[in-house]
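Just so you know, the protein sequences line up as chains A and S, in that order.
By the working numbering, the letter at position 53 of the first sequence is numbered 53, and the numbering carries on one by one without gaps.
By the working numbering, the letter at position 324 of the second sequence is numbered 324, and the numbering carries on one by one without gaps.
Bear in mind the hints are in silico, worked out from the structure with no lab data behind them.
Since copy identity is lost for identical chains, a pair holds within one copy or between any two.
Restricting the straight-line Cα-Cα distance to at most 27 angstroms, the calculated cross-link-like pairs of lysine-lysine (BS3-like) are:
#1 Lys147 / Lys236
#2 Lys351 / Lys249
#3 Lys353 / Lys249
#4 Lys147 / Lys167
Number of protein chains: 2
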Amino acid sequence: MTSERQPATERRTYEPFTPPRRVLLGPGPSPVEERILQAMAAPLLGHLDPVFLRCMDEIQELLRFVFETTNRVTIPISATGSAGMEAALVNPIEPGDEVVVCIHGVFGERMLDIVGRCGGRPTAVRAEWGTPIDPEQIRAALASCSKPKAVAIVHAETSTGVLQDLKGLSEMAHDHGALLIVDAVTSLGGHPVGVDRNGIDVCYSGTQKCLGAPPGLAPVTFSERALEVIRNRQTKVQSWYLDISMVEKYWGGERTYHHTAPISMNYALREALQIVYEEGLEARWARHQRNHRALVAGVEAMGLAMNVAPPDRLWSLNAVRVPDGVDDGRVRARLLSDDQIEIGGGLGPLKGKIWRIGLMGSGSARQNVRLVLDALQRALQAEGFDCASGVEAAERVYESGAAS
Amino acid sequence: MTSERQPATERRTYEPFTPPRRVLLGPGPSPVEERILQAMAAPLLGHLDPVFLRCMDEIQELLRFVFETTNRVTIPISATGSAGMEAALVNPIEPGDEVVVCIHGVFGERMLDIVGRCGGRPTAVRAEWGTPIDPEQIRAALASCSKPKAVAIVHAETSTGVLQDLKGLSEMAHDHGALLIVDAVTSLGGHPVGVDRNGIDVCYSGTQKCLGAPPGLAPVTFSERALEVIRNRQTKVQSWYLDISMVEKYWGGERTYHHTAPISMNYALREALQIVYEEGLEARWARHQRNHRALVAGVEAMGLAMNVAPPDRLWSLNAVRVPDGVDDGRVRARLLSDDQIEIGGGLGPLKGKIWRIGLMGSGSARQNVRLVLDALQRALQAEGFDCASGVEAAERVYESGAAS
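Based on the provided sequences and hints, a complete structural model is requested.
Take a look at the structure:
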């Protein structure tokens, strides 16, 4: 405890910090390609340097590409994905505003918390953790409001591994004059998000999931409808740092100084987006789907069960039930120590009950599916849980895919 | 305009991004040493990986060292320095709270804006841009309040180059039951800040100034007195992302998940702090002072004038008056294009009237003083402003220092 409270005044020696090379198959950060790490190590530029301004323009173009949008205001917030959520909510919502908040995991709960901090009046729509939200309940919640400002929903619940179908939600929201706000932290770059096609008004993500960059920035996009709502606010946005009307002036044509952009993180994001662009969205989605299917086949061949019903499964984050009698934490610790593999545990009501295996960005790879299935089998056997190998079943998925 | 609005759907080609190597002598970011860039390019760890948790512990120890504090809650906020300001204000201040806000530049104005967004009732104490705040005015402002919650003041005004003396301010604030909140963005690591010695309750900084890391994190520290005020809040902190009572649980012994820490930025900060630690605070301050004195001698030998009176000058940020008839922007553009040197222009009422020459972190170096004096002379001559060389006068400062 003393060392935690004291400044480092005595001349202790700090050893060079050399992190081990992990295989990051948890809920994020996902593995970062060497090309991106090297981009981040490039010499710094000033945040108003003409060369950096060009870098910012390319980031905006490439973010529009991955979000599938023509929204003018499509930028990275200078903080992590959670700040993206906060930016998405504090900009449109004013005290007294009614907001339908859909909750089926940690991130829906967090939205509810933030709506409360904005002085919003939330109507919660809930589903059991591990299942998606029933759109009919959203319809009913909207009908129960007098003048709803927004519907907020998580597309990819990182805490449960559930993919939420977005179809029809924007019509529902727009029919009531409400905005559709979507959390795509764990889907953008791994699943189709289709901001324009799905009529999403505000969408945010993180860099450290399917985009494959380090954590530190939160891509966001605001539709013209959302910007109009923000322009008509009666009060100032409660966060100066996240006030999109100020942030967009730095990213837009005016280049007005707001805050010093995190230069190196933007280098990393630009490089990561270029990799997404080179691969192509459809190919990238297909890769995420294919590796997910192989993992599921392997997991089930091992005698384990997925926690989410087949149509609702994320490709990027796989929730596997911890078998009875197996110690969740000990298995994860063994994977980390013996195989350098990180997977995630469950949160909230799913704590100790599921593992969360992320296959995101460059981490979504045949080699990693093999690695984690193999390591999991050995770890389970060490726990006295006798199980078959899942590798062959996974390989069959790849071979059938290659043949089809 | 079209390219700005459109996603990158047509198959355009993105060239590899290779930023030029600038000499960053503006208001920040400052130059980042290769050792730090390489630290940032290390492989990612999960944000709950035991090895990363150790890295976090070292960062906290080293931050206590540079802040000169034993404050338990001494951590980097996962966003840039401006978010550090927001965190410093939104955590203690509740709607209706009286706050004395000292304003002598851009960053005091920003504090005022944020206090307003918190629902605080500010009493502004102003000084002309380029001069420090008169402590007697702070005393009078405190006396005019019924129950002031805080005094907020900028130690190092990046927009003007003014150093604010902090002596006596904490007694003044504490006598009224108010907290002392200090912006040390451009002083921490370059000037003594002395959080404990100066009785500062909340202090924040940025990584991209005298600490010499890239922008992206905001070191903050909260005294026990400040934490007590925060614990006694009647309302939730308006920002979920910056709520220190939640953030500290991730950085403290509990390691409760809050948001995904920006791993690579923390690697960079750790390395930068290790460099500060190896150099020693006193040696680092002396270096910043020495290079500042040499620059001033050079600037004055050239026939240019400093904009701030000698006792109030920052060592890290030097405000030099633009001579009559000289085009500010053209000179800066020439330094950038001909010499790869970035310096800053003035802001607000000082726009076009001063240059801001930063000598921060590793940028505070004899070689850079020579470079910028030489380049400035050539740029001014190209503008038709005939001036002598400043290099010799600067060198004399180093030689007298070496002799003394």
